[in-house]
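Trainee: Given next are the chains, with one letter for each unit.
Protein chains: 2
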Amino acid sequence: MHKITLIGTGNIAWHMARGITACADFELAELVGRTKEPPPEFNEIPSYTTQLERLRATNIIILAVADGAIASVAKLLKNTEALVLHTSGSMPMSLLDQLPSYGVLYPLQTFTKGRPVDLKKVPLCIEANNADNLKKLSSLALALSQDVQQMDSKKRADVHFSAVLANNFSNHLLALTAEYCETHDIPFELLKSLLRETLNKAFDIGPLQAQTGPARRGDFNTIKKQLAAIDDDQLQQTYTLLTNSILKTYGKEKL
Amino acid sequence: MHKITLIGTGNIAWHMARGITACADFELAELVGRTKEPPPEFNEIPSYTTQLERLRATNIIILAVADGAIASVAKLLKNTEALVLHTSGSMPMSLLDQLPSYGVLYPLQTFTKGRPVDLKKVPLCIEANNADNLKKLSSLALALSQDVQQMDSKKRADVHFSAVLANNFSNHLLALTAEYCETHDIPFELLKSLLRETLNKAFDIGPLQAQTGPARRGDFNTIKKQLAAIDDDQLQQTYTLLTNSILKTYGKEKL
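Line by line, the protein sequences are chains A and B.
The working numbering puts the first sequence at residues 155 to 409.
The working numbering puts the second sequence at residues 155 to 409.
Worth flagging that the hints you see were computed from the coordinates, not collected in a lab.
Here the structure is a predicted model, which means the values were calculated and not measured.
Warning: the hint list may mix true and false statements.
Same chains, same names: a pair is fine if it fits in one copy or spans any two.
Each computed BS3-like pair below joins lysine-lysine, with the alpha-carbon atoms no more than 30 Å apart [as the list claims (entries may be wrong)]:
#1 Lys275 with Lys346
#2 Lys267 with Lys346
#3 Lys157 with Lys267
#4 Lys309 with Lys378
#5 Lys379 with Lys402
#6 Lys267 with Lys378
#7 Lys275 with Lys289
#8 Lys308 with Lys289
#9 Lys289 with Lys346
With the hints as constraints, model all of the structure from the sequences given.
Mentor: Take a look at the structure:
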């Protein structure tokens, strides 16, 4: 049984803890947090500590902390012989290079604490500092998920950027839409069938081919009418920029 | 059996034809297009014509034409006694007000010809010029879909705008992402699990609550690193605008 120590109590830590607990050959031995007591969402943790310098014996340490805290936490672990992994999409593996054994385990997913996700289907992007550690890391990753992708730090940063574009930004558009719906007395739920089809189409025929709407058609009448009806500056800028981007993509004139 | 004439051979016409053909009490009696022969995607059409002025006897005429063509086609129909419906989200019903019987049947969905959609689950937004016609239109709409929403032209334009924001714009972000993936040798498919969860979260807990990522966290280090790595002007502008919009939404400082 490989013992795992998990550092962090945020969104990723919560999902990692659930995933590890479900694995036969790995055991979540200790959780490390900053609050005196473990947060209530973390049940059934055998051991909890705030003392990074005095961890129990462990085989693997997973850093599920903020990107900006990885280097300083790693400094406090300098005497460990465990394999230390960070979970960041955008930070290079070299942040951990003062340690003997290190690597990266980046789950490509949007995590919210308390909202379970089937980790088995989440792509895990892995990287390690040598072949032995890559082997150890691979067996952990394959126990957690069916989809394990080996890649270097540069490629992982590219993947993380594409996730920001695709997930963070389109989710924000949904948030702007939900706000618009609320102020215009439209149930946001009305858009559910449309948006399911948007996503299915994007993966079935590709999003370039799937595009519809006034900008794709070059329907300047509708575009101008919609622009004139927007009374929020931020929304007007967003509408103009994305409309021009679509117009450009399909070889139409700009607004 | 109510006879329906369908004018147009584009994306909406193709899906309407499929939907009507599946209805027990309605019959697709004639299709009207501009090409000498009906397009090959329209099979089993009993009658096809290019002669708008000489339509067969019919009960309902559905205009599935470009927004800009609705008024001019309606002029050619001035002697009809049929109920004439346009299918536009953004055009007012009053475009048809020189006719005795008219209304709107707007399907809230993104349609691509040749890609079947379960019309039963697509919200149909309806409006008619009097109570009798609304009754006729309702029975057609309820035969086509389980989700029928009665609303006036102003509300329908608001719904159409929210669909542009949510579907057209987020699909375009997926197109920009797919392009980025291609140039960086990342399979776009890798993002599938992430984007399914993005959509599920948005409807389960609301997109405002579901937001994750560097801008939501106010992680300026990652934001600046990503911005510096973008070498395309349009993408850089899009990244900056949407990041600032997220920062503002969550009460962080602007870039």
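Trainee: Would you pick out the hints that fail for this structure and give their numbers low to high?
Mentor: Those not satisfied: there are none.
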